[in-house]
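*Asks:* Make the full structure from the sequences, and use the hints.
Listed in order, the protein sequences are those of chains S and Y. Take the first sequence: its position 50, counting from 1, is numbered 50 in my numbering, and each next residue is one higher. Take the second sequence: its position 22, counting from 1, is numbered 22 in my numbering, and each next residue is one higher.
Please keep in mind that the hints were generated in silico from the structure rather than gathered at the bench. A hint or two may mislead.
[As the list claims (entries may be wrong)] To be clear about the criterion: a stretch of chain Y counts as covered by chain S if any three or more of its residues have a C-beta under 8 Å from a C-beta of chain S, and this derived list gives those stretches:
1. 208–219
2. 223–234
3. 261–273
The beta carbon of each residue, even a glycine, is placed where N, CA and C say it ideally should be.
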Amino acid sequence: MTDLTVSDLTVEAKHTVLVETANFSLKTGELVALLGPNGAGKTSLIRGALNLERPTSGTASLNGQPLATLSPSQRARKIAYLPQIRPLAWPNKVRDIVALGRFSHGAALGKLSATDDAAVARAISACDLTDLEHRAADTLSGGELARVHCARAFAAECPLLIADEPTAALDPRHQFRILDLIKTFVEKGGGALLVLHDVELAARYATRLIWMKDGKIVADGSVAETLTQQRLADVYGVRATIDGTRVLMDGAL
Amino acid sequence: MTDRLLIPLLALACVIAAFFACLLGSTPLPVERVIAAFMGGGDAADRLVVWAIRLPRALAAFLTGAMLGISGAALQGLLRNPLAEPGVLGVSASASLVATSAIFFGAVAVNPWFLPLAAIIGAVIATGLLALAAIRTQSVVTLILVGVGLSSFAGAMMSLMMNLAPNPFSLAEMINWMLGSVANRSFDEIGFVFPFMAAGVLILLVSRRGLSALTLGEEAASGLGLNLRRQRILTVLGAGLATGASVALAGAIGFVGIVAPHIIRPIVHHDPARSLIPSALLAGLILMVADIFVRIVPSQNELKLGVVAALIGAPAFVWIAMQRRSVHD
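*Replies:* Quick look at the structure:
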């Protein structure tokens with residue numbers, strides 16, 4: 001059991017408050033979706049929680065130990081982080097990119113240890129990349145590349161995963177495939193926090209929803225508790241009707 | 001060619017090139033006389049030509065190239081840009097500037113050792129400024145722009161000093177310095193800069209694994225557990241030391257730090273960490289071969305190595321730049 005607990009976290013940049021006294025936790029066995037409009041502070045919350053951005057106040061701790069006291073590679077062995085996908089600098093081979101997931105374990109490309117090699121192989125087969133293993137990354141489609149990034153996060157074999165918009169710019173089938181991969185990861189004992197923009201997809205997969213607006217967490221709870229017409233109006237400013245996990249948005253308020 | 005054979009093959013090619021550098025020249029020596037001179041035999045004049053002139057010159061060309069090659073490869077990995085080079089970040093220009101000042105203010109006339117010392121000081125100052133910028137900013141673009149600014153400023157100051165040069169002699173010496181050459185280098189001069197080269201290379205090799213992680217971008221690399229600030233400082237410092245020492249030895253020689261890593265990269269599967277050593281060897285090889293060419297081409301004034309390197313390197317730079325795809329911002 002691993003848990004990440006964020007207490008009273010405030011993140012500021014240039015005197016603008018990006019995240020204000022946020023509290024949440026992420027445990028293994030949970031698939032949490034972080035929802036909120038653009039500029040709500042979702043990415044800042046994640047970066048503050050990972051200690052990639054130094055919070056102004058508040059703490060993030062992993063199993064009770066403050067994250068700030070962990071070295072970057074100690075942290076990276078516990079929490080895999082997938083930021084929003086950016087173009088790769090070089091046309092690397094798929095297998096090499098996945099192998100970078102083992103960076104915090106001390107792996108150097110081209111001479112992986114047996115343990116690292118096995119973890120890479122497991123991640124590649126879990127993400128159905130066996131046929132693409134030796135392809136150059138710049139020949140892949142967006143959906144394939146998203147799977148490669150998932151695989152490199154899985155290769156780290158961390159108990160927790162935090163992903164910022166892992167399904168952005170993917171077609172519906174690939175969105176399902178990525179979320180299925182993450183769901184399987186959670187069923188096997190992992191815990192995941194995902195920033196998602198598709199409320200319906202979030203409601204379908206998540207065990208818990210965290211709603212953010214203007215730098216504050218405004219709700220945190222199960223789909224049944226927190227997904228309401230009023231919430232969608234308050235957080236996103238949209239008119240919507242809700243039927244179970246089905247969400248039909250029909251316009252801006 | 002597989003990446004496993006790459007380093008041994010390049011090393012072999014460097015040894016062969018060094019041997020040819022001893023054979024060829026204004027007065028070609030036959031193979032058996034060079035081998036005899038190597039073994040400490042043969043006649044005294046041959047030994048002098050091989051040990052005091054040709055071998056140190058070949059070694060100086062190799063080391064200069066190797067430092068620029070490894071610095072280029074490391075900076076390209078750090079900045080995720082195939083056009084990054086010690087020259088781009090202003091390290092070479094700053095080293096040249098301080099060296100030129102030493103000539104201008106007569107320090108070199110007092111003691112010739114001030115010249116290499118000044119170049120290293122210039123590179124370390126530039127490196128320090130870049131390291132400060134690297135600590136303060138999160139952005140690679142800012143770091144490149146600081147380098148471009150540094151480079152332009154050093155260039156302007158250099159032009160100013162040439163403009164105000166008190167006599168044709170010091171002007172000629174400054175120009176020689178700017179053109180770049182390894183002619184008449186001795187083992188003593190190489191020995192003076194070698195510790196700085198070794199320190200730079202050591203820092204780059206120790207920190208090279210982080211360059212692989214940076215392939216994914218800075219945010220993802222931090223997520224992987226890379227200490228971004230430390231990586232920036234080490235790479236900039238290592239490249240600064242290596243480049244400064246190379247400028248101290250040979251003056252400013254451009255573009256070899258872009259060309260060699262560009263050739264090596266596809267062979268090492270585009271992994272910046274694995275490109276460092278082969279890029280160093282290839283750049284060293286390129287400069288050794290270019291220097292042999294400089295020595296045997298019939299011309300009234302001996303061609304300067306830096307001029308030949310730029311004549312080949314600058315078009316290659318443009319070609320590499322044109323090939324970049326716009327998606328890689």
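*Asks:* Taking beta carbons only, do three or more residues of the segment 208–219 of chain Y come closer than 8 Å to chain S?
*Replies:* holds (count 8)
*Asks:* Counting residues of the segment 223–234 of chain Y with a beta carbon closer than 8 Å to any beta carbon of chain S, are there 3 or more?
*Replies:* Answer holds; 5 residues pass the 8 Å Cβ test.
*Asks:* Please check whether the segment 261–273 of chain Y has three or more residues whose CB lies within less than 8 Å of a CB on chain S.
*Replies:* This one holds; 7 residues, not fewer than the three required, reach chain S with a Cβ under 8 Å.
Checked against the numbered hints above, the structure violates none of them.
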